[in-house]
Amino acid sequence: MEVLPWLIFFVLWRTTYLYCWVWWRMLLELSYTGSQLKDKIRFVWVNQEDDVGETAMTNAWYEVLSVLHLMAVICLSLANLLLLPKTSTDGYQPRVSEESRRSSVDVFLRAAGYLDCAIQHVLPQIPQDLRRDLPEDLAEGVLKALSMQALGQGVDIQLGMAIDSPKATLAVKRRLACEMVKYWHQSTQAHDNISQLHFSDGWGKKHQLFVKWKYVEAKAAAYYYHGLILDEGKTEKSHGMAVAALQAAEEFLKESKKACAAFNLMPPISRIPPLWGSMKYLSEKIPKDASSKVKINRDLYSQERILQTAPTLPDFALALKPDDYQLPPLDASWKKEDNCQ
1 MEVLPWLIFF VLWRTTYLYC WVWWRMLLEL SYTGSQLKDK IRFVWVNQED
51 DVGETAMTNA WYEVLSVLHL MAVICLSLAN LLLLPKTSTD GYQPRVSEES
101 RRSSVDVFLR AAGYLDCAIQ HVLPQIPQDL RRDLPEDLAE GVLKALSMQA
151 LGQGVDIQLG MAIDSPKATL AVKRRLACEM VKYWHQSTQA HDNISQLHFS
201 DGWGKKHQLF VKWKYVEAKA AAYYYHGLIL DEGKTEKSHG MAVAALQAAE
251 EFLKESKKAC AAFNLMPPIS RIPPLWGSMK YLSEKIPKDA SSKVKINRDL
301 YSQERILQTA PTLPDFALAL KPDDYQLPPL DASWKKEDNC Q
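When we follow my numbering, the leftmost residue of the sequence shown carries the number 1, and every step to the right adds one.
Read the hints as simulated data drawn from the structure, not as lab findings. Be careful, since some hints might not be right.
[What the hints assert, rightly or not] Here are the computed lysine to aspartate or glutamate pairs in the DMTMM-like style, where the Cα-Cα straight-line distance is at most 25 Å:
no.: 1; residue 1: K257; residue 2: E284
no.: 2; residue 1: K182; residue 2: D192
no.: 3; residue 1: K293; residue 2: E236
no.: 4; residue 1: K293; residue 2: E232
Small disclaimer: the values here were computed from a predicted structure and weren't measured.
The task is simple: from the sequences and hints, build the whole structure.
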């Protein structure tokens, strides 16, 4: 039975690949060479997040943009398949292999690359008056949010692998968690800055709630590891800051559970998933370590010295970058035919 999802995905992926390969030749000829058919062929796509069921435009670049978005979404689906636990041959509980987790990170980067190409190289080709008619699925902010989401999920997988590795230091885990916060923060900002989009329900609102849920989860992880490192200090000040960071981590963990529930209750309703990856570990460690560290430091220091606002998280440069995807070059045969005309 485990082969069936992969078979379905393989057929879907190959069909899309062949579709894209054939269409690129025609679309790029229409888009780059100034063909008379460029603005005469009507392209129609079904929308996911827009209230309007489908969008039709007579612009070849709209079709290129839609295909890139489709390729990115299929990559996200592939990453989800890679992260499904599989029954091992040794009889242990179903698990996700390290190879599958590493492969999923590569797929997330590929998805971000398609979206980055769409934002940087395709959207600018569409006139401003037509860009206002694009569906919400293809709005620049939504594409940016989806790209940052892919990178954030990639770092989340890396953090999970670091947690499982005995060689990974607290500093490495803190850096990954802090980077994850920045990716998800950029994703939430991209959504929030789209003033013309007002998601009230449906997939658009559910997507927004998903991003906010993951952003809060990331902050819980970052403050947890920041608190553990601060607690390694020798001063009363560092210990007090450690307690504040761990208390913040615990509060963000509680908030993330509420955000998770809100996401799953938003129609279309979904089941609350079982904890996995980094959060399966952190959901147990954060309350336990926060409680013990607070108790130890309260025994050592006065209450007034401990209670304070959470310390600022370190600002690390972002390591994961989208794949450098380039649109296929125009076929030489098209150029020759165009010159002949």
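Here is how each hint holds up against the structure:
1. A distance of roughly 13 Å separates the Cα atoms of K257 and E284; the hinted pair therefore holds under the 25 Å criterion.
2. Note on K182 and D192: the hinted pairing holds, with a Cα-Cα distance of about 15 Å set against a maximum of 25 Å.
3. Straight-line distance between C-alpha atoms of K293 and E236 comes to about 13 Å, which keeps the hinted pair within the 25 Å bound.
4. The hinted pair formed by K293 and E232 meets the criterion: a straight-line CA distance of about 11 Å does not exceed 25 Å.
The structure shown violates none of the earlier numbered hints.
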